[in-house]
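With the hints as your guide, set chain V onto chain G.
There are 2 protein chains.
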Amino acid sequence: MNGAESLVHTLLASGVDTCFANPGTSEMHFVAALDRIPGMRCVLGLFEGVVTGAADGYARMADKPAATLLHCGPGLANGLSNLHNGRRAHTMMVNCVGDQATYHRKLDAPLTADTEGFARAVSGWVRTASKASDVGADAAVAVQAAMGPGGMIATLILPSDTCWDEGGVVAAPLPRVAPVPADPHAIGNVARLLRAARQAGEKVAMVIGNRALREAPLAHAAAIATEYGVALWAQGSNNRIERGVGRHSIPRIPYVVDQAVAALAGVKHVVLVGAQLPVGFFAYPGKPGVLTPADANVVVLARVEHDLPATLAALADELGAKPVAAQARDLTPPATGAVTSEALGQSLAALLPEHAVVVDESISFGRGLYPGTHGALAHDWLALTGGAIGDGLPLSTGAAVGAPGRRVVTLQADGSAMYTLQALWTQARERLDVTTIILSNRKYAILLGELANVGANPGRTALDMMDLGNPDLDWVKLAQGQGVDAARVTDMETFNDVFAAVNARPGPFLIELVI
Amino acid sequence: MNGAESLVHTLLASGVDTCFANPGTSEMHFVAALDRIPGMRCVLGLFEGVVTGAADGYARMADKPAATLLHCGPGLANGLSNLHNGRRAHTMMVNCVGDQATYHRKLDAPLTADTEGFARAVSGWVRTASKASDVGADAAVAVQAAMGPGGMIATLILPSDTCWDEGGVVAAPLPRVAPVPADPHAIGNVARLLRAARQAGEKVAMVIGNRALREAPLAHAAAIATEYGVALWAQGSNNRIERGVGRHSIPRIPYVVDQAVAALAGVKHVVLVGAQLPVGFFAYPGKPGVLTPADANVVVLARVEHDLPATLAALADELGAKPVAAQARDLTPPATGAVTSEALGQSLAALLPEHAVVVDESISFGRGLYPGTHGALAHDWLALTGGAIGDGLPLSTGAAVGAPGRRVVTLQADGSAMYTLQALWTQARERLDVTTIILSNRKYAILLGELANVGANPGRTALDMMDLGNPDLDWVKLAQGQGVDAARVTDMETFNDVFAAVNARPGPFLIELVI
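So the sequences go chain by chain: G and V.
If you read the first sequence in our numbering, its first letter stands for residue 12, the second for the next number, and so on.
If you read the second sequence in our numbering, its first letter stands for residue 12, the second for the next number, and so on.
Keep in mind that a hint or two might mislead.
Same chains, same names: a pair is fine if it fits in one copy or spans any two.
[Stated by the list, open to error] Derived DSSO-like pairs (lysine-lysine); straight-line CA-CA distance at most 27 Å:
#: 1; residue 1: Lys142; residue 2: Lys298
#: 2; residue 1: Lys488; residue 2: Lys454
#: 3; residue 1: Lys298; residue 2: Lys117
#: 4; residue 1: Lys279; residue 2: Lys117
#: 5; residue 1: Lys214; residue 2: Lys298
#: 6; residue 1: Lys214; residue 2: Lys333
#: 7; residue 1: Lys279; residue 2: Lys333
#: 8; residue 1: Lys279; residue 2: Lys214
Calculated from the structure, these hints are not laboratory results.
If we strip away everything but chain G, and leave its shape as in the complex, we get:
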């Protein structure tokens, strides 16, 4: 058995049975091993940003890691920005990066690069295998690291000789490291704080992230919030929120600094539950970086590594908070007329299929879509967590693989879509049930807003750098060119009809929604 075979056997034994791949020469033994050993689903991406974004989407839905297969330092580099997003999402992932043979590296052949250096910036765990007999054990540790408390990206770099040399040893799966248990001390502290704040009439904001945004912990959070007058907030961008009818709705902290500051004004106590302290996405002259009031008291109930559902359950129990009514169905009919953010939100609320997975890279136009869909049928909402645009199409691709039988609906800004449009081909090849809605405004709308924020009166040069027209992108052709059926839509009536129809049939479809 060679090293590559021990790698594949070990991954399978450890429960990793899906591999998103963009292989090259140095990974041919891995590919050959995948051929010989049954059980691994291999999904090809035509660009590495598709591969890493898809692995992120897969893990968010499957709650276990996929493997990736990438080619040398530059192949990893092409996947870095979606690994950055995955890191911010605390995504479980096992990157396998083929590289120059151990003894060839010193010759500095053209593709030789600082593979480990690239990996470190986005990975919680990095190792370069040194010999074939270690590869199985390395892979088992990588899976354990990826699946550890909170979840992380583990990157295993495989010099080609560690794959082709004989002497591979399959490693047994390592025990999964459980989340850090709920902390009774922190729970007691927060319970006392909530009681005292209610007594004193002081505003409390509870900011929630990661596993605390699933159905059961959100129900406990809602019970606590109702009982104690606490304002609940999800982080601005989240890996997965379980929401819609029967779940408990939660607003997100606004992206725009002034809106966030206004929303959090007067807060005396900030309780963090698997979330970071809310900060501005960027600094702006004369505006605060931290979005909560400067004099607010910040308390950590639990970090991302903790057992967040158990923590919120214990806090609700400690406080005697009674269950509250879940989100009711929004019975508003689909919108008609012109395409606006609110109209699209209204139609989505009416028409989202039950158990849909919504992937949201809608950027500026989409800010009305999340608030507008609280009353849709039960669904999950996956967002761009790291701000590195070009995540939506890959994330959807992987989410569809990780959640078979559920319709994936991608809310996708056009500018961001262009970064990783190759994902559409993978959707076509794998016949994935994805409906992509391209929000086609033919500009970087967010940047026009940001330019206005810096007080500039844009001239020709600036406008040209934010304009995706001249020539217009034709998303119907870009989709069809990759085997995905598509239609252009310019009004809500047609959108409603097309959206309902394509969600009911298998396979991918792209709607270019001109906005």
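Chain V only, in chain G's frame:
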């Protein structure tokens, strides 16, 4: 004057007047400055790999650096693999990377990443500006570094407050650091070696790279080679070779290890002229890493930092080598019938426009194209120098900006083209004179060969991972979707007609050549 304005003024004063850009929020003051200050041509790319590859192509043709404008760590990350190629090409480039404000970085907002870490792996020079009053001076040093001996990538990271704060100071251009002068000692050594080897009947190979592959030094190399029976070789992949009628032709060291070893068999002395010792692109079990014989004597005549044209001129003078006849016109008519690598080479030899710039990312199918075009009209040949595929379309885009009035012809494998297809949109917007030939075999042909090399008999899984069909990519639609006219061609007669016609008209065109 704010920092951003001092940056733009300093770049212009230093001779940098072209900026390939994919800006984001943290670069809005830079964009506003570009708006207010005339003189900088801004070219928008819809993905950062387009931006960095275009800056590479520009510098190869213009012999001076372009600036790039990139957004934070992840924006830089998306450009890394073409920066890797640019590093291997010794390309002059000034990367400007906007980033979080100095005081905002500690808050770890979502887009915050290890920007400097990403930059170091691909840059010869990296600096993070610390205050507005230094930005001008930082920019002048960056240009000086980029234009130093041999050329390099200089990356200047600009926290947003260093751009928006007042107090910017325009810096005067710094003197250009000249190449290291030709070394009389090395020249004398090599002259003695060549005389002695001729005397002894020992085989000498001279391996040439970088600036030594321009017209004048190649004429001197040819004179020396003819007089002394030396085998001349260009490196396997080169930033720019001046060739065709009136120049002196030079073969490239083959990519395939066995072919390269055979070509260099029996060589007793290897003379390196601005080139690295030839090594295999990858290691293979049982094959050598260094391609020249193990017992060969390796002598460095000049490194890339040296004045390579002066070195070869001095060596020719020292040896009394007389000028030899230049390449004659190949009068073979364009090929007819089926599309093969040889047929395409024959048609290109007949039909390449004079002063064309050929960008070669043709990978496996294209190995016949370079040897087949020695006798074309005078042209330049730009290749993928770092092996990170996805360079061809961006490189062509930048080459067209850097060499106005010349036709750019891109020989582009389909699999590689998918990595950075967004470059077509920039070609359309800028109405660049680029003819893209997509070599459409709908597979990763090179990997099928490599898989065979490792002795595997490919099964379904492996074949699927090398197959770009199912569904077929439709390059006509992918081009038209971005505003580039296109046609599909399946035989040489039609190719000849279309190729000649589109080269004679302005603007971009894409030919999907089914092979």
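Structure-based check of all given hints:
1. Lys142 with Lys298: between (53 Å within a copy, 19 Å between copies)
2. Lys488 with Lys454: Close inside one copy (19 Å) and across copies (21 Å); limit 27 Å.
3. Lys298 with Lys117: Between copies only: 16 Å across, 50 Å inside.
4. Lys279 with Lys117: between (58 Å within a copy, 23 Å between copies)
5. Lys214 with Lys298: Answer is within; shortest intra-copy Cα gap is 22 Å, inter-copy 71 Å.
6. Lys214 with Lys333: Within one copy only: 20 Å inside, 90 Å across.
7. Lys279 with Lys333: within (24 Å within a copy, 87 Å between copies)
8. Lys279 with Lys214: within (5 Å within a copy, 83 Å between copies)
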